[in-house]
Structure formats: structure tokens, C-alpha cells
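Participant: Letter by letter, the chains look like this.
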Amino acid sequence: MFEENLTWLCYLLSGVLFTIGAIGAILRRNMIVVFMCIELMLNAVNLVFIAAAGSLSSMDGSVFVFFIMTVAAVEAAVGLAIFVMVFRMQQSINADEMNLLKG
Amino acid sequence: MADYIWLIPLFPALGFIINSAFGGGRASKTFVAWVACLALFAAFLSSAAVFVEFLQLPATARVFERDIYNWIASGEMSVNIGFRLDPLSVIMCLVVTGVGFLIHVYSVGYMHGDPGFKRFFIYLNLFVFMMLLLVTGNSLLLLFVGWEGVGLCSYLLIGFWYEKDSAADAGKKAFIVNRVGDFGFLIGVFFLFVSLGAQGVWTLNIGEVGKNAHLLSVPVVTVITLLFFVGAVGKSAQIPLYVWLPDAMEGPTPVSSLIHAATMVTAGVYMIARLNILFSMAPDTLYVVAVIGVLTAFFAASIGFAQYDIKKVLAYSTISQLGFMFIAMGVGAYAAGIFHLMTHAFFKGLLFLGAGSVMHAMSGELDLRNMGGLRKKTPITYWTFFIACLAIAGIPGFSGFFSKDEILWKAFSSSHGDLWIWLLGAVTAGMTAFYMFRLFFSTFHGECRASEEVKHHIHESPRVMTIPLMILAVLSLVGGYVGVPHLLGGSNAIERFLAPVFGHATQAKTAVHFDIVASAWASSGAGGHEASLELALMVTSVLIALIGIALAYLYYVKNPSLPERFTARFAGLFRWVHNKYFVDELYDFVFVRGTLKAGAFLLKVADGWIIEGAVNGTAALVKRAGDKLRKAETGYVQEYAFAIILGAIIVVGYLIVIPMF
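Chains as they are written, first to last, in our numbering: chain A, 1255 to 1357; chain B, 167 to 827.
It is worth saying that the hints were derived from the structure and are not from the lab. There could be a bad hint or two in this list.
What the hints assert, rightly or not - Cross-link-like lysine-lysine pairs, in silico, DSBU-like; alpha carbons within 30 Å at most:
1. K746(B) to K724(B)
2. K794(B) to K746(B)
3. K746(B) to K1356(A)
4. K330(B) to K746(B)
5. K195(B) to K377(B)
6. K1356(A) to K338(B)
7. K1356(A) to K542(B)
8. K338(B) to K789(B)
9. K770(B) to K746(B)
As the list claims (entries may be wrong) - Partial list, derived from the structure: chain A residues whose beta carbon lies under 8 Å from chain B:
10. G1278
11. M1323
12. T1324
13. D1350
14. L1355
Using N, Cα and C, we set each Cβ at its ideal position, and we do this for glycine too.
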């Protein structure tokens, strides 16, 4: 009974985290913060996977979590490198100033 | 010789190739002329060799057929390049190469001063090659190659003096009008191939088609033969496609003689004779052929009355004589038609060459009103022309008499024939005599009406031109004796020679019905009244011809003011006939300008509105849509992310909401 409630609590928490992350990723200007929000979304998803894996007694979810963490690390490395280059170009990493690809 | 029949078309082809390759630049005119003439002479000799060999063989063995090469093999269809010589094609080969050779020799003199001398002989050799391909090819497809090839050469040679607009236009006209006929012919070939194929016989070989023709039903054969006849109408200048032939006189005179009188225009007649098995199966088609033939003969002869251009008169006379050949085809008298084809090649070739000689003497003058009195100054031309006129008028003893009379007799007596066809044909024969002698008298008799300068230059043509004239005159004189009818004590050798090709047709002709005659000749015995009837018809047509000549004599020698009074009296009628019944104007209005108008309309509507509208409309739509949609591409990453999330929410929402219902 407790475990079941805990699983639902985890789902709820992960939903809240994901929503915060998504809203932050859309609304914040600083790309570093946007990036952090994306990490938040990824980890919210991780939480769902873990919770589901626990409640279903399956290892599949845990395996996904490892992959997601790996991808998040790679993404952080690549993304931060891009930000450094962008900052060198226009002395700012505000998202609303990065619109060179507009139609 | 049987293994070497392909030599016959090969020689002119060699002449064409040699002259094309080496005839340019430094090669002399003499070289070109010798190559061209020798090529023809060699072809003539090999045709003659086959002919002699045929005479030694029994009638049933007189077919040489050799396939050289498998040309097209595709599925059920297999067409060989092969040649077939039988009595019919041998006669055609002899006419084409024999008359062709004489005209080549004549051209050496006639074209002597022309800058296009070499080009002329190259075209002429190519023409003879194509014509021989047409008459010796053993499949309908090869026949069609020759058919188109002679059309091409005709176009090239009509427009030989292409700097003249009228010549270039006449060439185009001939080509386009011929295309109309060729279209019908080609459809006919397809139709025949498919209908025979439906019976399990996939072939275009002429012999095979003949052997399997009985598999086809009569309506199908009728349609096929009518389509073939459309081709013949185009090539042989019959109503309604005859309009190109008078214009074709823009070409050099030897061309008019060889292509537009002696050989090419008879291709339609040859083709019907070649496919006589099919045509005999379709009595309806035969009737159409005979009616078109007799109408054309009459109609063209009437136009010949009112022309002043010497070559135009001859052109209409050619159309008229071709009409006679089609009468023969239409009443199933194929041998008589081919006989007339042969004699016509002699005397009409001669008439054209004579006209060329007259033009040569008159410094290129064509108008009869400016001629006259040439008898003394050009005696050879005069006498040869006279013989040709007698031959075409059908005076007994000359070649035209035997062949034309044979046709008229068959038109009357054959089961396919009719009284009115004979009547109109006989009247036309009289008209022919009149306008030919009108031409003859106004050219050679009376006072010379040319200008002093031209008068001064009048001279007989050189020997290279007069000798072909004389040979053709001899042929016009004696050419008819190969077909003397039984009635006059002859054996009709040409009909017997052609019997293996037209065998069944001769049988059909014995089924003569004499319903009109039976009452008139009721008292005499069957055999007797046939003979006396034939004699009576013969005498009638000769009398009509003599009346025609006498009238011409009266009008143009005895009393030269009569024609003028006549034309003044019937000015409207004369103008109508002189302008060829305004048929050209009618065609121009309906077809030429109709086509142009339809083209202009389609240019505006179909091209301008529909096609351009569709193409430009698509482009404009894309451009306009792009202009609007590019606003969506803001370049802000976060907006894209928002769109993705929104999309994800919608998809997930859909997946959740749908199962609820």
C-alpha cells in the first residue's frame, strides 16, 4: 500500500518537475538556465522510469535511465561548447538574441 | 539471278552513295553524270535479266523471293528485309529503270548549266533506289519505307530550286498532302497486321498476307483496303488529295517526267495491284476505287481545258490518266491497269520531256499563249510530241489505244464495272484528245507568238536530250503491242504474263454480266455478241477521240479566234475552270486557314490559359504560400521548442481522450 502510494507520488513529482523544466526551457532567456531546465526534464523522466521499474519489478526502466544519463552528459558537453562559441561571437548567450536562422 | 535480285535496288543506291561521297568539290559533272546513268543502266540490265529468266520459266515458278536480313524481331512480329520479284514487280522494275535511265540521260543535257547539277543526280538516284525498294520489297513495311522514301525525294526535287518561294511552298504542299494519305496507309498496315494476328498469323510479308487473306472477314478487309486506298489517293493524286501534283510542276521538268508522271505517282496503282487479293475480297472498296478514279479522270481532264501553262496541262492530264488506272483497279482489271501504267510511263514521260525540250527552245517559256509555230524549228521535238499525243489520245495503233481501250472495255464488261463508268471514261478520253491536241497545236502550229528576242533563240535541243525523246517515242508507238486484245488478233501477252499475280482476278472477270446488252444483242450468239460489242465500244471511243482532235484542230489551227470568242461568251465558266474550280482556295480556306485558326485558338486557350495557367499558377501558389509561411520560422529556438511541446501535448491528449469514448 505504501509502495503503491510512493510510486504515484513519484509520478506526480516527476510530472511537476517536467512541467517546471518545460516551462523554464521555453520562457527563460539565459541559455545556461534553459539547459538546466532541459536537464530537469530529463531527470523527471528518469524518475518515472525508476519508479515504474520499481513498481513493475523490471530492470528495463533502470537500463533506460543509464542511457539517458549518458546522453545528458554528452549533451551537456556539446551544448556548453556551443555556448562558449556563441558567447565569443556575440558576447551574450541570451536565447532571444540568437535568431540568425529566421525565415 | 534469283539469288541476286537485291542487286536491282542496290545499283541506284551505289550511285547515290558514290555521288554523295565523291561527287562534291573537285569531281567533274561528267563523272557524276556517268555514275548516275550507269547505276540506272546496270539496274535496268539486271531487271531485264530477271525478265528474260522469267520468260524461260513456267508461269507458276515466276516468283523469286530472298530474305537478306532479319530487320525487326519483337515478340510475334518479325520483319525481314527481303526482296520479291514476280511478273508485276519485274514490269515495274523495267519501267522504273528503263524510263528512269532515259530521263537520267536527258537530264544530263537539260540540267547542264544548273549550279545544282550534282545535287540533282544524287536526289534522282536516291529516288530510283526508293522506288525500286517500293516495288521489290517483300513486306508491307519495306514497301512503306520505299513509299515514304519516294515522297521524300519528291519533296526534295520539287523544291530543287529552293531559292524560289513558289518551289519551296510546292514541295511542302506535296509533302504535307502526301502525309495525309500515308497516314491512312500506315493505319491500314497496322490494322492488317493486327487482324491477321488475331487469326494467329503474325506477318507483314506480302506473299504470306496473300495466302492468309481468306482468314479475314469481308468488313475487316473492306476497312483495311479503304485505308490502303487513302494512301493510294494521296500518292497517286486522286480526288480529294490531287492538289499537290499540279503544284509539283515547280520542280525541274525531268523530275516532273520521272516522278510526277512515269513512276512515283503510279505507286498507288502498283500498291493496289500488289494487294489485289485483299481488294478483290472487298467489292465495296473496289467500287469506291472505280468511282474515285472515273471522277478524277473526268474532273482533271476538264481542268486541263482551261490551263495555259504547258506543264500544268500535262499535270492535269497525268491526274486524269491515273484516274483511268484506278478505274482499271476498281473494276478488277488489274492487268489492264498495269498495262496502262506502263504505256502511260512511256507517253507521259515523253510528253514531259518534250515540254522540257520546248522550254529549252523557248528560253524557259511555259505559257501556251506565247508559243506557236515551233514545228519547223524543233522537228524532233515536234514529231516525238506528236506521237505521244496520238498515244495518249488513244488513236489505234499507238500504245495508249490498247491500254485505255482495255480499261474501258473492262469497265463496261467486268462484273465490278458499270455502264456510267464506261460512259464517263469514254467522254474523258475524248476530252483528253481535245486538250492534248489543243496543247500540241498551240505549241507547234500557227504563228509564233513569242517575243522577238525569244524567237531568235529558238533551237532544237542537243542530241543527249533528243535521243531519249526518240527512244520513248518508239516505245509509245510499239509499247502497246504487248497487250493487243484477242479481238484484234493479239494474245494480250501482258495479261498472260501477269496472270500468276492476278490469277484469281481474271477468273472473276469471266463472270461478266450483260444485263444492259442482252436486250440489245439478243439475237446473236453469246460469244459473237461479246466480240461485236467490244468492237462497237472500241470504235465508239476511237470516234470520240477523233472528234476531240478534230475540235482541237478547228479551234486552234483552222480558226484561232474561236477559243477567244468562246472564253468571252462563257467568261464566268471559263474563269471558274481556269482557276481549277477554286478547289485550292477552298482547301486553303478550310484546311490551311482552319488549321492556323485552330492553332491560334489553342495557343491562346490551351497553351495560354490552361497550360501556362497551371504551371505559372503552381509557381505563384508556392511563392505566395512561402511568403506567408516563412513568418513562422522566427529563428528563436525556444519558440520551436514550444511548438514541439505543444505538438506533444496535442498528440498525447488525443491518445488519452480518444479511448475515453
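Participant: Hint by hint, say whether it matches the structure.
Facilitator: Each hint, compared with the structure:
no.: 1; hint: K746(B) to K724(B); verdict: holds, 28 Å
no.: 2; hint: K794(B) to K746(B); verdict: violated, 67 Å
no.: 3; hint: K746(B) to K1356(A); verdict: violated, 76 Å
no.: 4; hint: K330(B) to K746(B); verdict: holds, 23 Å
no.: 5; hint: K195(B) to K377(B); verdict: violated, 49 Å
no.: 6; hint: K1356(A) to K338(B); verdict: violated, 61 Å
no.: 7; hint: K1356(A) to K542(B); verdict: violated, 100 Å
no.: 8; hint: K338(B) to K789(B); verdict: violated, 46 Å
no.: 9; hint: K770(B) to K746(B); verdict: violated, 35 Å
no.: 10; hint: G1278; verdict: violated, 10 Å
no.: 11; hint: M1323; verdict: violated, 22 Å
no.: 12; hint: T1324; verdict: violated, 22 Å
no.: 13; hint: D1350; verdict: holds, 6 Å
no.: 14; hint: L1355; verdict: holds, 5 Å
In terms of the numbered hints stated before, the structure departs from hints 2, 3, 5, 6, 7, 8, 9, 10, 11 and 12, listed from lowest to highest.
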